[in-house]
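Heads up: the sequence lines are chains A and B, in that order.
The opening residue of the first sequence carries number 10 in the numbering used here; numbering runs sequentially from there.
The opening residue of the second sequence carries number 10 in the numbering used here; numbering runs sequentially from there.
There could be a bad hint or two in this list.
Since the list gives no way to pick one copy over another, a pair counts as held whenever it fits inside one copy or between any two copies.
Calculated lysine-lysine pairs in the DSBU-like style (CA-CA distance at most 30 Å, straight line) [what the hints assert, rightly or not]:
#1 K68 x K456
#2 K364 x K447
#3 K429 x K68
#4 K70 x K456
#5 K447 x K70
Just so you know, the hints here were simulated from the structure itself, not pulled from any lab data.
There are 2 protein chains.
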Amino acid sequence: MSIHGKNFIGNELSAKGDKSSKIYDINSGDALNGDFYHATSDEVSTALSLANSAFLVYKQKTQNQRADFLDAIAEEIMNLGDELVVRTMAESNLPRPRIEGERGRTVGQLKMFATLLRDGSWVEASIDTALPDRQPLPRNDLRKMLRPLGVVSVFEASNFPLAFSCAGGDTASALAAGCPVVMKAHAAHPATAELVARAILKAIESCDLDPGVFSLIQGKNYAISTQIVTHPLVKAVGFTGSERVGMILQQQIHQRAEPIPFYGELGSINPQFIMPNKVNENGAEIAQGLVASLMMGQGQFCTSPGVWVVIGDGKSENYQTFITSASEALTEQRAGVMLTPAMCAGYNAAVEERKTLSGVTLLATGQAGNEQECSASLFATDLATFAKSPLLQEEVFGFSALVVRCADVAEMMQFVSLLKGNLTASIHGLDSDLAVSKELSLTLAHKVGRLIYNQMPTGVEVCASMNHGGPFPASTNIRTTSVGSEAIIRFRRPICYQNMPAELLPSLLRD
Amino acid sequence: MSIHGKNFIGNELSAKGDKSSKIYDINSGDALNGDFYHATSDEVSTALSLANSAFLVYKQKTQNQRADFLDAIAEEIMNLGDELVVRTMAESNLPRPRIEGERGRTVGQLKMFATLLRDGSWVEASIDTALPDRQPLPRNDLRKMLRPLGVVSVFEASNFPLAFSCAGGDTASALAAGCPVVMKAHAAHPATAELVARAILKAIESCDLDPGVFSLIQGKNYAISTQIVTHPLVKAVGFTGSERVGMILQQQIHQRAEPIPFYGELGSINPQFIMPNKVNENGAEIAQGLVASLMMGQGQFCTSPGVWVVIGDGKSENYQTFITSASEALTEQRAGVMLTPAMCAGYNAAVEERKTLSGVTLLATGQAGNEQECSASLFATDLATFAKSPLLQEEVFGFSALVVRCADVAEMMQFVSLLKGNLTASIHGLDSDLAVSKELSLTLAHKVGRLIYNQMPTGVEVCASMNHGGPFPASTNIRTTSVGSEAIIRFRRPICYQNMPAELLPSLLRD
Chain A
10 MSIHGKNFIG NELSAKGDKS SKIYDINSGD ALNGDFYHAT SDEVSTALSL
60 ANSAFLVYKQ KTQNQRADFL DAIAEEIMNL GDELVVRTMA ESNLPRPRIE
110 GERGRTVGQL KMFATLLRDG SWVEASIDTA LPDRQPLPRN DLRKMLRPLG
160 VVSVFEASNF PLAFSCAGGD TASALAAGCP VVMKAHAAHP ATAELVARAI
210 LKAIESCDLD PGVFSLIQGK NYAISTQIVT HPLVKAVGFT GSERVGMILQ
260 QQIHQRAEPI PFYGELGSIN PQFIMPNKVN ENGAEIAQGL VASLMMGQGQ
310 FCTSPGVWVV IGDGKSENYQ TFITSASEAL TEQRAGVMLT PAMCAGYNAA
360 VEERKTLSGV TLLATGQAGN EQECSASLFA TDLATFAKSP LLQEEVFGFS
410 ALVVRCADVA EMMQFVSLLK GNLTASIHGL DSDLAVSKEL SLTLAHKVGR
460 LIYNQMPTGV EVCASMNHGG PFPASTNIRT TSVGSEAIIR FRRPICYQNM
510 PAELLPSLLR D
Chain B
10 MSIHGKNFIG NELSAKGDKS SKIYDINSGD ALNGDFYHAT SDEVSTALSL
60 ANSAFLVYKQ KTQNQRADFL DAIAEEIMNL GDELVVRTMA ESNLPRPRIE
110 GERGRTVGQL KMFATLLRDG SWVEASIDTA LPDRQPLPRN DLRKMLRPLG
160 VVSVFEASNF PLAFSCAGGD TASALAAGCP VVMKAHAAHP ATAELVARAI
210 LKAIESCDLD PGVFSLIQGK NYAISTQIVT HPLVKAVGFT GSERVGMILQ
260 QQIHQRAEPI PFYGELGSIN PQFIMPNKVN ENGAEIAQGL VASLMMGQGQ
310 FCTSPGVWVV IGDGKSENYQ TFITSASEAL TEQRAGVMLT PAMCAGYNAA
360 VEERKTLSGV TLLATGQAGN EQECSASLFA TDLATFAKSP LLQEEVFGFS
410 ALVVRCADVA EMMQFVSLLK GNLTASIHGL DSDLAVSKEL SLTLAHKVGR
460 LIYNQMPTGV EVCASMNHGG PFPASTNIRT TSVGSEAIIR FRRPICYQNM
510 PAELLPSLLR D
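One chain only, chain A, in its complex shape (with noise of 0.2 Å):
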């Protein structure tokens, strides 16, 4: 299938504007095939008048007809067979197993939601029928349940071309809510993002949707983020990115007349707490853990565990089992290509940066690789450094993590009260480190999305029970996640009804 690199706006495919340079296969050095071209925005003006048209049609679809879109978005996608899978892979410099795997539970979030449109318990109905005679005033009959907000614009996130991308997450959450969707590719992966929203208009045409329910705007201008975020159509922002670039999407949705919720899921150094006992008995067994899960994906996850908390006086036997453990087994990772160039020159650039900081050491560094590879690398310091260094919280994207050296378990305390927010955090500990693992996750549980308890933190299941979201700048809204099934309620708000004729009822608060 051959790459058109033209803008879906609604199911006309449109090029008005200039064409992006061409991007390189890093592996083979081969210009990819396909040229992409910029919206304008007339494009974008264009997208969002037809999704907002759409939305008045499409909200008013059943839940089983927006669950069979969703089951048809799936299908298409598995329809376009491996061509998908080397084109991601070319793309993201992600291996075939990675890409298989995200494409599977991209498909997988798509029929969760179909599911959950079918129960259709989500919807939260509420009814409370009139009381005429309650004294000293009648109750007037009153109902209830969450409706979709409108059009929601969704940007496509670099380290998930598929399950964070154009039917990723954000997506499937708002086409299930009852919103058309306008998606801003991402432009490390268009064609990626091209064929599958192709898999997104054939779904479209075979439901017999209208076709404003979704549109591509490709290209990389941040003018036509701009337009997209302050348009007065645009209802809600999806946003999976860095802490940098999501700032600045907040900053221009806090300029507009209207506010709207922005959901966006950002920076997380997801600090790891070994606990004294579990350091003392497991060191090495902790440290090796560690780094098999900082190793994943080259690091380029959000829950990668960027901070490593440990009890040691920097010379204790246990500590230095520990940190020699870690050490040894970093040096033996194999280098690797980034996602993107730019990812790979950001990520050497603050490993060069943290090597300059007093009171931080390098610990281990991983096997070097050819010049379009990343080296993994392991530092060091101490809670007062930790404590005046701004820097040291900042998510560094890639395989990179700190240790932080505490004296005891106050310092540690400590450590937490200073900590921002956080997607995750997770306790090492034994049972013999209970009482003070209670005493850590009382408070730290506040500062995090998900608390989890002697497992590493890499690996988010999609289900009712997960949050991925939590305090800023983990997520720009606390009360909501990115993934699992009450991701959807981003994107759906409360109406209540109030002594309404049958006929001008939702159908599902009818009697």
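Chain A is fixed; fit chain B onto it per the hints.
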């Protein structure tokens, strides 16, 4: 009980700042006893620190313990007896039945949240147990529930000195959620706030809670408000008031390093749609009903019907009957004292400004009163004028309404497309209007928080199915309600626990 006028910083009475000017009883002209002390920056800091310390203890209380606390507050408010009623009447110029009713509502809200807590299901506990044998990957044990955000700042409303003030809906829902409250008293009713704060303090003592759970900040000082909403320890803000003040707070909150939810319930014109056959058959009756709803509390309700959309060509007999009946009914209405002299001045200025607008006609004015009283007013305009006059979408706080004449249903739909967000809208129709009403309701529902059929918007039931919110400017947070049991979720957020031993789990998430 003499009024001391001091700030409640936890359970310490504090008066470090300047005294405010005395407040006079408009009806008697007497100075109300008590000087009030503007809180200082230090006092505010102390209150917030105490609240944050209290949070760590208060959040661990059981649902039953928090329920007992809310019940105790309700009981202590009733124990204040008639002094509270008399004082609130004097400070608000509202009549005894209204204040007694509002006290009942306030106490009822506290008891409703107590019942909700004892039920427990509202925490949305979700448990996905481990599936160690699942292929290709095992599932970890994941459990999630809603947990409190932290310290909540609440601003008292002018127009509900009890039900949306010191122990009103925001306080009740925040305390129920497990969040300490730092309350900013409204300068219009500081003694009412003091009396209610005493009741809360007694309840804190009888329930043996950390007194940092509640503080009351007195005085009218914008720097203090800024300090509160931008303070890092504050995790959410509740506000009911004007769009102007609400947006000042919103802009300040936007400057924070950590974004937090701002629950501002601001302006609403609550449009009333009189359908074609309704105006033909029951024009006089509906006109009188609208005037009666408008007059409630001198129109100082957030759900006051401020705009009436009627189909007519300006000459048709039915439209004239409606207009004549409305004008006659309004002309008979007695003048009334507003909540404060400033509101009286603001109301009169808005009415005078409206009189000068080209295309806007003054239809009727209510009876004149003394110099402390305001008179009701009724204006009319056509759709074209409404479309080009942004001022006409702004709420006039008080008993002034605007009839917008639409030539036909198409113009009525055009009115809806122009409409900003509102708390409520009502459709008044006959069975023969149902087809048109249905079309109208499908778009109108997305402009409001509550859609009403053949009833007036005033009267906000406190129940599970209520939604008191809506698109901006009705609310700054479209996804939440400030009235009814669902208000509690504004101060909670999901936390997921993975692979946690029972000892480290919140009790509601244990097997």
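So, going through the hints one by one against the coordinates:
{"no.": "1", "hint": "K68 x K456", "result": "between (36 Å within a copy, 14 Å between copies)"}
{"no.": "2", "hint": "K364 x K447", "result": "neither (35 Å within a copy, 67 Å between copies)"}
{"no.": "3", "hint": "K429 x K68", "result": "between (38 Å within a copy, 20 Å between copies)"}
{"no.": "4", "hint": "K70 x K456", "result": "between (40 Å within a copy, 19 Å between copies)"}
{"no.": "5", "hint": "K447 x K70", "result": "between (48 Å within a copy, 16 Å between copies)"}
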